[in-house]
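Participant: Sequence:
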Amino acid sequence: MSKNSTLKRFLPFVLTLAIVAVDQLTKALVMKYIPLGSIGASFFGDLIIICHVRNTGAAFSLGANGSSFVRILVFIILPIAMMAAICWMVATRKNLLTNAQRWFCAGIAGGGIGTLIDRVFRFNEGVVDFVSVKFFGIFGLERWPTFNVSDSCVVIFVIMFAISVIFAGKEKKK
Numbered sequence: 051m052s053k054n055s056t057l058k059r060f061l062p063f064v065l066t067l068a069i070v071a072v073d074q075l076t077k078a079l080v081m082k083y084i085p086l087g088s089i090g091a092s093f094f095g096d097l098i099i100i101c102h103v104r105n106t107g108a109a110f111s112l113g114a115n116g117s118s119f120v121r122i123l124v125f126i127i128l129p130i131a132m133m134a135a136i137c138w139m140v141a142t143r144k145n146l147l148t149n150a151q152r153w154f155c156a157g158i159a160g161g162g163i164g165t166l167i168d169r170v171f172r173f174n175e176g177v178v179d180f181v182s183v184k185f186f187g188i189f190g191l192e193r194w195p196t197f198n199v200s201d202s203c204v205v206i207f208v209i210m211f212a213i214s215v216i217f218a219g220k221e222k223k224k
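The numbers in the numbering used here rise by one with no breaks, and the one at position 164 of the sequence shown is 214.
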């Protein structure tokens, strides 16, 4: 294996580390400057609010009231296994993923690791969320559930990965 090939396989992890760093930095700033349960800033009226809330569950606070055992299993052990699998695929399965898909997986891993850090080190306090967006009553929600950088990265990179898989499938059919 050439040095260039090795570099190409591991370069996407720079994105992973950058996402983790930005995620943890933004959460640290929120914890330092915005008291829990408070609003730090509003933009465009109340369209976007920067606030400080905690979530001990998953998306939409699902599982927040689960037992410690279930929360450890579902929110820590399972995600660790998933992050390990994603990182392994990016690093070793060069023929399984396109170059773009490797970067998308690295972005998903970065978001997952950012959330995992909160789940491990803030287990009882919860994941730090701070972006609240007005949702205008769509699906009965006045505001979309509050989220953070890692949540955004997981969603964006999963969508990009899914689109790339769809288009790759169409290319193979031709």
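There may be inaccurate statements among the hints.
[What the hints assert, rightly or not] Taking CB as the label site, the calculated pair distances span:
1. Leu97 / Trp138: 16 to 22 Å
2. Asp96 / Thr148: 39 to 45 Å
3. Ala141 / Ile216: 33 to 39 Å
4. Leu146 / Phe186: 38 to 44 Å
5. Ile98 / Val64: 42 to 48 Å
6. Pro195 / Phe94: 15 to 21 Å
FYI, nobody ran anything at the bench for these hints, they're computed from the structure. In this text the structure is predicted, and so the values were computed from the model without any measurement. Ideal Cβ positions, reconstructed from N, Cα and C, are used throughout, including at glycine.
Participant: Work down the list of hints and note, for each, if the structure agrees.
Facilitator: Checked hints:
At roughly 40 Å, the beta-carbon separation of Leu97 and Trp138 lies outside the given 16 to 22 Å, and the hint is violated. Taking 39 to 45 Å as the suggested C-beta distance range, the pair Asp96 and Thr148 conforms, at roughly 41 Å. Take Ala141 and Ile216: their Cβ atoms lie about 25 Å apart, and the range 33 to 39 Å is violated. Judged by the Cβ atoms, the range 38 to 44 Å given for Leu146 and Phe186 holds: they are separated by roughly 41 Å.
For Ile98 paired with Val64, a C-beta distance near 29 Å fails the hint of 42 to 48 Å. Taking 15 to 21 Å as the suggested C-beta distance range, the pair Pro195 and Phe94 conforms, at roughly 19 Å.
The structure does not agree with the numbered hints 1, 3, 5 stated previously, though it agrees with the rest.
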